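There are 2 protein chains.
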Amino acid sequence: MTAAVAGLPDADALRKQVTNVLDGFLERKAGAAAKLRMPAEVAECLRDFLAVGGKRLRPVLCVTGWQAAGGTGIPETVIKAAASLEMFHTFCLVHDDIMDDSGSRRGAPTVHCRLARRHGHGRSASAAERVGTSGAILVGDLALAWSDELLHTAGLTPRQLDAVLPLIDDMRSEVMYGQYLDVTAAGRLTADVEQALHIVRYKTAKYTVERPLHIGAALAGAPLAMHEALSAYALPVGEAFQLRDDLLGVFGAPEMTGKASLDDLREGKHTVLVALALQRADARQQRVLRTLLGTPRLDAAGADRIRELLTATGARDAVEDLIDARRAQALRVLETAPFPPRAVAHLRQLTEAATARTS
Amino acid sequence: MTAAVAGLPDADALRKQVTNVLDGFLERKAGAAAKLRMPAEVAECLRDFLAVGGKRLRPVLCVTGWQAAGGTGIPETVIKAAASLEMFHTFCLVHDDIMDDSGSRRGAPTVHCRLARRHGHGRSASAAERVGTSGAILVGDLALAWSDELLHTAGLTPRQLDAVLPLIDDMRSEVMYGQYLDVTAAGRLTADVEQALHIVRYKTAKYTVERPLHIGAALAGAPLAMHEALSAYALPVGEAFQLRDDLLGVFGAPEMTGKASLDDLREGKHTVLVALALQRADARQQRVLRTLLGTPRLDAAGADRIRELLTATGARDAVEDLIDARRAQALRVLETAPFPPRAVAHLRQLTEAATARTS
Numbered sequence: 001m002t003a004a005v006a007g008l009p010d011a012d013a014l015r016k017q018v019t020n021v022l023d024g025f026l027e028r029k030a031g032a033a034a035k036l037r038m039p040a041e042v043a044e045c046l047r048d049f050l051a052v053g054g055k056r057l058r059p060v061l062c063v064t065g066w067q068a069a070g071g072t073g074i075p076e077t078v079i080k081a082a083a084s085l086e087m088f089h090t091f092c093l094v095h096d097d098i099m100d101d102s103g104s105r106r107g108a109p110t111v112h113c114r115l116a117r118r119h120g121h122g123r124s125a126s127a128a129e130r131v132g133t134s135g136a137i138l139v140g141d142l143a144l145a146w147s148d149e150l151l152h153t154a155g156l157t158p159r160q161l162d163a164v165l166p167l168i169d170d171m172r173s174e175v176m177y178g179q180y181l182d183v184t185a186a187g188r189l190t191a192d193v194e195q196a197l198h199i200v201r202y203k204t205a206k207y208t209v210e211r212p213l214h215i216g217a218a219l220a221g222a223p224l225a226m227h228e229a230l231s232a233y234a235l236p237v238g239e240a241f242q243l244r245d246d247l248l249g250v251f252g253a254p255e256m257t258g259k260a261s262l263d264d265l266r267e268g269k270h271t272v273l274v275a276l277a278l279q280r281a282d283a284r285q286q287r288v289l290r291t292l293l294g295t296p297r298l299d300a301a302g303a304d305r306i307r308e309l310l311t312a313t314g315a316r317d318a319v320e321d322l323i324d325a326r327r328a329q330a331l332r333v334l335e336t337a338p339f340p341p342r343a344v345a346h347l348r349q350l351t352e353a354a355t356a357r358t359s
Numbered sequence: 001m002t003a004a005v006a007g008l009p010d011a012d013a014l015r016k017q018v019t020n021v022l023d024g025f026l027e028r029k030a031g032a033a034a035k036l037r038m039p040a041e042v043a044e045c046l047r048d049f050l051a052v053g054g055k056r057l058r059p060v061l062c063v064t065g066w067q068a069a070g071g072t073g074i075p076e077t078v079i080k081a082a083a084s085l086e087m088f089h090t091f092c093l094v095h096d097d098i099m100d101d102s103g104s105r106r107g108a109p110t111v112h113c114r115l116a117r118r119h120g121h122g123r124s125a126s127a128a129e130r131v132g133t134s135g136a137i138l139v140g141d142l143a144l145a146w147s148d149e150l151l152h153t154a155g156l157t158p159r160q161l162d163a164v165l166p167l168i169d170d171m172r173s174e175v176m177y178g179q180y181l182d183v184t185a186a187g188r189l190t191a192d193v194e195q196a197l198h199i200v201r202y203k204t205a206k207y208t209v210e211r212p213l214h215i216g217a218a219l220a221g222a223p224l225a226m227h228e229a230l231s232a233y234a235l236p237v238g239e240a241f242q243l244r245d246d247l248l249g250v251f252g253a254p255e256m257t258g259k260a261s262l263d264d265l266r267e268g269k270h271t272v273l274v275a276l277a278l279q280r281a282d283a284r285q286q287r288v289l290r291t292l293l294g295t296p297r298l299d300a301a302g303a304d305r306i307r308e309l310l311t312a313t314g315a316r317d318a319v320e321d322l323i324d325a326r327r328a329q330a331l332r333v334l335e336t337a338p339f340p341p342r343a344v345a346h347l348r349q350l351t352e353a354a355t356a357r358t359s
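Protein sequence lines, in the order shown, are assigned to chains P and B.
Here the working numbering is used: the first residue of the first sequence is 1, the next is one more, and so on.
Here the working numbering is used: the first residue of the second sequence is 1, the next is one more, and so on.
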């Protein structure tokens, strides 16, 4: 997802523009905080979080949606609206990391860990952890509020706002519900693949791919048929993206993903990968999986044992097959989709990057 | 705060209208969730949370601001905008209860405790607690997103929205920053009264009183001078409101406040009350206060010992004096404020209710 695409919206340049918008916004927020005698660390946490990485996938897709629907050029207003999606995503990740109790993200400490350290002096470990969690809940809340501020100060026309706001509302509810299903399903191992796919659809496919495309298209005044064509492409790609993420979460190299590869297994996440393994495991394999998955103190040897079983049951290959089928489906949609050629080329590139990535 | 005020916006009727807007909205959300195969419990949690009580103080103040600025009647659009403030407040309380690890609110279990129970079956106590916390973070997030949806679907004119959105932005940042100061200061006992008052100003005075009045006034197209007059009234009343709350949190009857009276003491909250006590305590009293305040397992006897010292040092009386001075200041402002007589009468009544309340 990092290479610029020849003749297409230069993704690297776009990422830089989005980052500039976010940096400028957060700098103003830090200045405003100082005037209110409020700590600058909130804006700093968010700035640093955004600085260490992130693919800016949602802003790129938003701009791609704009182009797919025939938008010309990339107006500053569209960049700003796209940037508001990245700020929203930052909110999601800060809160997700609390829920998953993740220690690192993008190779750096997560916000709640950073704040626990910052406010740890003279506090017990558990008191410091609580301050870190509370602070990170608030940093996330501010990121959500600020994503909204970025959007409604982007300079969109009333007509654009009318078109976009219902999609933003849907996007927010969908990802929050998806995450809600995810956290309430974690630790309850079942072979229910359909439920796992339902979570994938809301937590990722709609949130990460479909809605950013819709929002960009709505900015360009797209009719309903365009939204439907974008959905037909977005949902399979988005599902494949999350299925790849699940594989990377278990089999990926932490130095590439920036995340510890034990987290998902310790959480006992209800992923398609795990559901398929439970479906296919014999009685002995079932026992081992059910004993090890979701163990908070799972060690490297236990994780290796799980990985062996995920492979031996054929679940890993089956997930690769699901990814392949979805990639093929998305590419098929692009063959007849009513998008301009450059948008099609970009979406094709995104499909490959999203489904074959290693980080 | 519960009695209707003769000749003034009938606060009881207004509360009912606001509750109806919120109930209708959440009913539609529950229906939408069912269609997406998403759990109804999120909307139910919020509905139940709103049903068990709440003074609807911010919506009442919003409508009062509307009237103070010369708004006529109470249009449905204004009621809806006012209701969005109550939904936002629900978000604040759900997240605050997680941060404070409170078990009850308004006499009912807090959302994270309710969800921990609901999802506890077959989980360890600590796993259930984590699911409860994660679920409540998300229920709060949805309440914040939905407060936004309520506002921008309220049917306000573009001009009203333009006037109100910057105030909403400020309100959100202010209360989140105030809460951030509050959680990072907790457990660090100091005699810094000014810092404690700074927290009060942002966490409560601006958020609970000033901004709702401003927002209502902005809906009526109020000029800057009107906003300034409202601030001159709102800040002292809001500070008095929080100072009263701090006293109730320690000395109040739990059956009246709906909250356990040990929570604030166990948290070691940096309140004006505690800061004043530390300022006035002799060496022996200092030692006792510093030993007991912020003890997670503080028992009833320890709490009684703290209460004795808060009284013996004169801190309790000093806080009563601060409340009196602020009430007097607010009433003085009303004598010359450019508000219509019915708004003045209502604000006078609110002043008494906010500063002399028992729950």
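These aren't lab readings, by the way, just hints derived from the structure by calculation.
Just so it is clear, the structure is predicted and the values come from calculations on it, not from any experiment.
Among these hints, one or two may not hold up.
[As the list claims (entries may be wrong)] Here are the computed distance ranges between Cβ atoms for each label pair: (1) P:G122 / B:N20: 48 to 54 Å; (2) B:G73 / P:V52: 38 to 44 Å; (3) P:R290 / B:N20: 46 to 52 Å; (4) P:T72 / B:T77: 33 to 39 Å; (5) P:R284 / B:S124: 21 to 27 Å; (6) B:L36 / P:D317: 29 to 35 Å.
[Claimed, not checked] Just so you have them, the derived chain P footprint on chain B, three or more residues with Cβ under 8 Å: (7) 110–124; (8) 173–184.
[What the hints assert, rightly or not] Partial selection, computed: residues in chain P whose CB lies under 8 Å from chain B: (9) D23; (10) L36; (11) M38; (12) P39; (13) A40; (14) S134; (15) D141; (16) L156; (17) Q160; (18) A163; (19) L167.
Just so you know, even glycine gets a beta-carbon here, dropped at the ideal spot from N, CA and C.
P:P39 was flagged as interface toward chain B. Is the shortest Cβ-Cβ separation under 8 Å? For P:P39, the interface hint holds, since the closest Cβ of chain B sits about 7 Å away, which is under 8 Å.
Can P:L167 be said to touch chain B, with a Cβ gap under 8 Å? violated, 12 Å
With a cut-off of 8 Å between beta carbons, are at least three residues of the stretch 173–184 of chain B near chain P? holds (count 9)
Hint status (Cβ of P:L36 to nearest Cβ of chain B, threshold 8 Å): Nearest chain B Cβ about 7 Å off; hint holds.
Interface restraint verdict for P:D23 against chain B (beta-carbon cut-off 8 Å): violated, 18 Å
Determine whether the Cβ-Cβ distance between P:T72 and B:T77 falls within the hinted range of 33 to 39 Å. holds, 36 Å
Given P:M38 as an interface hint, is its Cβ closer than 8 Å to any Cβ of chain B? holds, 4 Å
Hint check: 8 Å Cβ-Cβ cutoff, P:S134 to chain B: holds, 4 Å
Between B:G73 and P:V52, does the beta-carbon spacing fit 38 to 44 Å? Between B:G73 and P:V52, where Cβ atoms are some 53 Å apart, the hint is violated.
P:A40 as an interface hint toward chain B, with CB separation required under 8 Å: violated, 11 Å
Just to be sure I understand the hint, the distance between the Cβ atoms of P:G122 and B:N20 should be within 48 to 54 Å; is that true here? At 49 Å between Cβs, range holds.
Hold the hint about P:L156 up to the distance rule: shortest CB distance to chain B must be less than 8 Å. violated, 12 Å
The structure shown violates the earlier hints numbered 2, 9, 13, 16, 17, 18, 19.
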